[in-house]
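There are 2 protein chains.
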Amino acid sequence: MSSLDFIFNPGQIAVIGASRSPQKIGYAVLDNIINSGFAGSIFPINPREEEIAGLKTYCSILDVKAPVDLAVICVPAKHATVVAEECGRAGGKGLIVISAGFKETGKEGLKLERELISICNRYGMRMLGPNCVGLMDTHSPLNASFAEGFPNRGNISFISQSGAMLVSILDWSFEMGMGFSRFISTGNKADLSEIDLIQSCADDPQTSVILCYAEDITDGERFVEVCSEASKKKPIIILKSGTSSAGAQAASSHTGALAGSNRAYDAAFRQSGVLRAESMNDLFDMARAFSTQPLPENSRTAIVTNAGGPAIVATDAVEKYGLKMARFTRETIDRLRENLPGEANIYNPVDILGDAGDDRYRFALETVLEDENVDNTLVLLCPAAVTEPEKTARTIVELNKKHNQKPVMAVYMGGKSLTAGRSHLTANSIPTFTFPEPSVNSLRGMVHYNEYLKEPALSESEPVKLDGIDQNAVRKTLDAVFADRRVVLLGHEASDVMSAYGIQVSKTYLATSEEEAAKIGAELGFPVALKISSPRIAHKTDVGGVAIGLHSDKEVRRAYGKIMENVHYYLPDAPIYGIEVQDMVDEGVEVIVGMSRDVQFGPLVVFGLGGIYVNLLEDVSFRLASGITTREEVKKMIAETKAFTLLKGYRGKKPADIEALSDTILRTARLVSDFREITEMDINPVRVHYQGATALDVKITVEEVNEKE
Amino acid sequence: MSSLDFIFNPGQIAVIGASRSPQKIGYAVLDNIINSGFAGSIFPINPREEEIAGLKTYCSILDVKAPVDLAVICVPAKHATVVAEECGRAGGKGLIVISAGFKETGKEGLKLERELISICNRYGMRMLGPNCVGLMDTHSPLNASFAEGFPNRGNISFISQSGAMLVSILDWSFEMGMGFSRFISTGNKADLSEIDLIQSCADDPQTSVILCYAEDITDGERFVEVCSEASKKKPIIILKSGTSSAGAQAASSHTGALAGSNRAYDAAFRQSGVLRAESMNDLFDMARAFSTQPLPENSRTAIVTNAGGPAIVATDAVEKYGLKMARFTRETIDRLRENLPGEANIYNPVDILGDAGDDRYRFALETVLEDENVDNTLVLLCPAAVTEPEKTARTIVELNKKHNQKPVMAVYMGGKSLTAGRSHLTANSIPTFTFPEPSVNSLRGMVHYNEYLKEPALSESEPVKLDGIDQNAVRKTLDAVFADRRVVLLGHEASDVMSAYGIQVSKTYLATSEEEAAKIGAELGFPVALKISSPRIAHKTDVGGVAIGLHSDKEVRRAYGKIMENVHYYLPDAPIYGIEVQDMVDEGVEVIVGMSRDVQFGPLVVFGLGGIYVNLLEDVSFRLASGITTREEVKKMIAETKAFTLLKGYRGKKPADIEALSDTILRTARLVSDFREITEMDINPVRVHYQGATALDVKITVEEVNEKE
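Quick note, the sequences are listed as chains A and B, same order.
The opening position of the first sequence corresponds to residue 0 in the working numbering, with each subsequent residue numbered one higher.
The opening position of the second sequence corresponds to residue 0 in the working numbering, with each subsequent residue numbered one higher.
Isolated chain A, as found in the complex (with noise of 0.2 Å):
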C-alpha cells in the first residue's frame, strides 16, 4: 500500500510545458513550485527555452539523465500521451496532469484520457488528474498547482472533485484563520481518486482531518473498505453533490421506490464511518472543531454565557441536534453558588450576567471543565461595557490546554469589538463562531464520530454464522427461472429460494383449476390464502388478485373465480400462471425486508414498517449488504425505525420475536451477496410473531449475469 508519498513529496519534479509567459499555467506551476520552498530538485521542461526563473531548461525530460520522481503536466491535451510516454520511458513515479480537454469535452478526449491511463498502467506511474488544479503539501512543502496562494501550515487535508471550489476554499481560508496539511484537486480521476488520496492522507503524519468535496465515487465497494480502514484513524468528511436529482430510480419494486442513490451513499458513508456534511458550512464548521479540539468523550454540554437570549438559543440547539445538556455535581453547583453574584443563573446554562469581566467567565469556566459529568463546553460572549473579550479570549485557551480532554467551543456574538478576541481564539485553535447554533452542529460532528471509534470495527466482528444455506437449490432455482426467459420469480419458487436460505416462508402451491386450489387447501388444512399467479402482475392486491382467510372449499372455490374475474377485468393481457394457496399465518407485526442493488455501492438492504402503506410511511433503515454481517448491527438497523417501537409490543401487545426478524435480514443480506443475479427483492410482509417470523409475500427480480464479466 503506497502513501503516494512520491507524489506529495518528490525528491524531484520536472514541469513539462514550463513558461516564462506568466499568462501561461505553465509559469504558474513552475513560480509555485519555487516558491513554495520545495526542497528537491526542479527541471523544467520546454524544448523553446535555455531557462527559465533561473533554472536549466531540457528539451524533454528524458534529457535530465536523472531520476524524476514527480512530472507536472501543463502541455496542451494532444501532446500529453507524448510526454507522458517519456515521463514513464524516463522512470517516472508520479504524473500530475493539469491539462484540460480529456473526458470532459466528450468522445475524443476521452480516447486521449484512456491512452494515458494505458501509459501510466504501463509504466505503472500513478496519475492525479487530468483537468485538475494540481495538488499543495504545506509540510513538504509543494505547491504543485496553477492556484493563486499556499495555504496556512495546518493539519486539514481538502480532496476536491471541483477544482474551483478549491481555489476559493484556499482564498477564503486566509480570512477564516485555518490551516491546512493538503489541496488536492482530483480533477477526472482517471487514475487517483479520492478513495486513493483519502487513504494517503490517512497515513499521513500531517494530516489530522480529511475534507473531501465528491460528485461521484466510482468503486463504490472499495470506497467502504478503505474508508472504513481510514476512518479508524482520522475523521473524515465528505460533502456529497448531486445526488438529490437523481431522486429515486424508476423500479417496480417497493425497496427500488424507497431506496435511491442518496440512501446507498447515506448506508456507504455510515458504514465506513464516514460524516456527511449536509452543506459547504458544515464541512468546514466541522473541519474547525476536528482539527483543533479533541473528541469530547461524550455528549453532555456545559453552557457559559454572559448573555440569557443566545444561552436559550444554545440549549436549543444542543436539544435538537440530539446532544445533552450536563447536569453538574452537587459540589460544581456550590461552588458556583458561592461565588457567582446572586442573580447568576448557577445551572446549565451558567449565566455569569452582562456584567462579568474575565475573572468570572475563568472562575465559571473552570468550574465547569472539572466537573465529572461535563464532556464538552460552549463558552457564549456578547459585548457589553465591561466585557473583556481579548483578556477572556487567553482564558479561554489558557484553560483548554489546561483540561485538554474536554474541547470547547467559543461564540463570539457581534462585530468589530470582538474581533481581536475572536483573532486569539482561532489563532490557538478554539473553534470560534458568531451564533450558537453551527457550534452545536459540529460538536455533534464529533460526537458521533466518537460514538463510531467506539464500536468494534465491522472488519474485526466475527460475522455471525448461518446455517441450513442451500446455494445449489437457488442455482438450480434461477436457472430454470432464466430458461424460462423470465426476469421475475413466480410465487413458489420465491418460497423455494427462501426456504433454501432457511427463510420460514408461508407454504405456497400452484393451482390451475378450482378443484386442485381446494384440494391443496384441504391438504394445508383451511383457512387458507389464494393468490394470483402472473409474472406480469407485480401488486397483486390492486388488481383484486388475492383473497384471505378462506375457510372452505366452497370459499376457495368461489374466491378462485372471483380472483380469475377481477384480474382478466384490470389486466385482459397478462399471462396467467394460476393461483397460489398459501396457508394462513399466525398473527404478528408487519415489516418489509427488501433489497435493490445500487450501481455504485451494490446490494442495499431495507427494513421497515410493511404492508401496503411502506412507500406512503418511509419508515425505513438501509444497510448495505456487507455491512449486514452481525446481529448487534442488525439490531441497530431494525431499532432506527418506528416498527421497531412495534415490534417491542406497542400498548399492551406482547413483543415479537426480534431474533427471528434479525435473522430474517442476515439470511437476506447474506443471500443477495451470494446472488448477483438477484438485481431487486421485497419480502412484503415478513411477519414477526411472538414466535418465529414468516416471509408472506417475497418477489424476487433476477438478471443473468455474464460470468465473465
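Hints are not guaranteed to be accurate.
Note that identical chains are pooled: a pair holds if it fits in a single copy or bridges any two copies.
[Stated by the list, open to error] Mimicking DSBU-like on lysine-lysine, the simulated pairs with C-alpha atoms at most 35 Å apart in a straight line are: (1) K106 to K319; (2) K106 to K475; (3) K390 to K102; (4) K23 to K102.
Derived from the structure by calculation, the hints contain no laboratory data.
Chain A is already provided as a structure; the job is to place chain B on it using the hints.
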C-alpha cells in the same frame, strides 16, 4: 390603533436619572440621544446637577413646565415608580424604563413592576421595558438606549426580547454592512410587547422587514390577530427560542401528547403569515434578502456560474428547499448557445466556464433575467485568473436595477480576492453569501412569503356556514357531567355532543347487563361493537375493553362477560358504568381529529392518520381552531399529511369523502371554540367512508369555567 409615534419619534424627551458620570447608564442614554442627532428638546432630570452635557437639568419632570412626549427612566428600580408617577402627572405619553430590578429578580420586583403598570394605565401612558436596553430609530433619528453605537440607516426593524442579543447584533451589523430602521429591546414586556411593536413597525413607512427574537409570546390570540394584518403589509420573521425543552405536555389524550407548545407556535405563525427562522443565521440571511430584493413571482430559479462544483451544490439546495430549477425558453437556450463558448453549459445552471470575464457574466445574467420562465437568479463566482469580481459586481447591481421585478443573489466564494466585489454588492443591495446554501434558503423564505400574500386573508374570507348546531344540547350535557363531578365524558355523552354539532357518530347506548347489551344489539341490528364505559379508562383497547364485529345475541353476551373479566383483571379498582353497545359502521380510512388547548394560543386542532398508531407515526397537521373557518384551509390541513394520500384513494382504493371529513373538522373547530370548557378532545378514529364520515370513538375532557374570570 397607535403607531407609538410618541415613543419612536417624540417631540421632547426627558432622561430621568441623567448623569455626568460616563460609567452610568444615565450618562450613556443622554449621550446617545444627543449624538443620534435627535432634533427635539431634551430635558435631563437630576436633582443633584444644574447642567449636563450643556443642557439645563431639572430636579423633576414636573419642573419642566412643557409637554414631554417620552421619558427614559434610568433610576434604580425602587425610585422608578415615583418618577413614573411624576411623568404621568406631567402629561407624558411614553416611558422607556431601562432600569432593572423588576419581575426578573423575584417577588418584590414583580410588585414594583405591577405598580409601574398601574401607573401607566392610570395616566394612559405606554411603557417599553422595564429591564431593557431601550430603542433606536435611525430615521427619526433617535437613540434612546445605553448601547454603544447607532445602526446604519436601513429598512429593517429588529425587536429583541434579549438585550444582549440586540447589542451583539448591532455590533455585528456594521461588519455585515446591514442597515436598520429600528432596534427595539422589549425587556420584561410589562406593557408593550412584541405584538404592539410589530404593529407599530408595520405602520412605520421606513421599515420594510420586521425581525423579532422572542422567548415567549404571552397573548397568543392577539398575536395572531395583529400579525395576520401586519404580515400582509410586511414580512415578519421571528426566531422563537426556548420551545424545544418544553416538549409535549403531559396529557392523557393523543392530541395533547402530539401537540406541545412548539406545534402551537408553528400553527400560530403559519396562520399569521409569520416566517419562523430556524436559527440566528437563518433570521439574518432572510432579513438581508427581504430588505433588499423584490419578492420572486414564483420559485423558478436560474443559476449563472463560472464553476461547476458550486453550481451542483446550489442545485442540490434548490431541490432540498423545495424550489424549482427554471427551464429556459427555446429562445434563451439558442441565445446562450450562439454566444457562449462551446464547452459552456447552456442549460440551467448556466456554466460560463472558469475563464469567464465580466462580459460573459453580463451576457448570461441578462439573458436569463429576460427569460419569462425565470423568477429569480443566483450568480455564483469563484476566483480565477481572468475573473473580474468587482466589475461583475457592478454588472450584477446594474442588471438587478434594470430587471427590478426579479430578485438576484450573489454567492462570491472566496476570501480577500473578492472583498471589494462583495462590498460593492452589499452596499448596493445585493444579498451576498460565501456559500450557496444560505442564499437558496433565504430565497425559500421569500417564495413562501409571496405564496402567503397571494392567499386571501382569513379575515376577508367568508367563514363557512355550519347548520344544525345545537349549543343548548351541549351545554346540558356538560352541566350533567359537572354535576357528576367528572372531567371526562362517557361515550354516550360524547356521542350526544357530536350529534349536537352535526358530526355523524356511530350509535352508542350504555348497557349495564348482558341482557341489556344483547337487547340493544338486536335493536341496532347486528353486527355491533362493545366498549367498556368507565371514567377511569382512557385507552380501552389496552385493557381488553373492546370487542368488535359481534354478529349475534350469543356473541354479544360472551363478549360482555369477557370484557368485564379483562377490565377487572387489569384495573380491579376502576369504577365501571357498564358497557357501550355501538353499531358497526362502513369501511373507510381511519383518521384522527382532535384538540388540545394551548396556554397561549387557545384551541389547537390536529388532523392525521388515525388508529392506535397515531402517536407512533405522528403523521399529523395542526391549526389553531380560530384558523379553521374555511373549507380551503381545512383542505390544506388535510393535504399536509400522508393520510391525504390514503384519502385520495391509495393503490386502487376508491377515494374517501374528503368533503365529509372537512365538515367534521370544521364542526370540531367550531365546537371547541364555542365551549371553553372542553380542554382536550380526541375523535380517534373518524372513519371516512366512500360517502360520509363517522366518529367512532370520541373522548372529551372538560373543566368548569368560571364565567367571571
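Results of checking the hints against the structure:
no., hint, in the structure
1, K106 to K319, "between (49 Å within a copy, 33 Å between copies)"
2, K106 to K475, "neither (43 Å within a copy, 84 Å between copies)"
3, K390 to K102, "between (55 Å within a copy, 33 Å between copies)"
4, K23 to K102, "within (22 Å within a copy, 70 Å between copies)"
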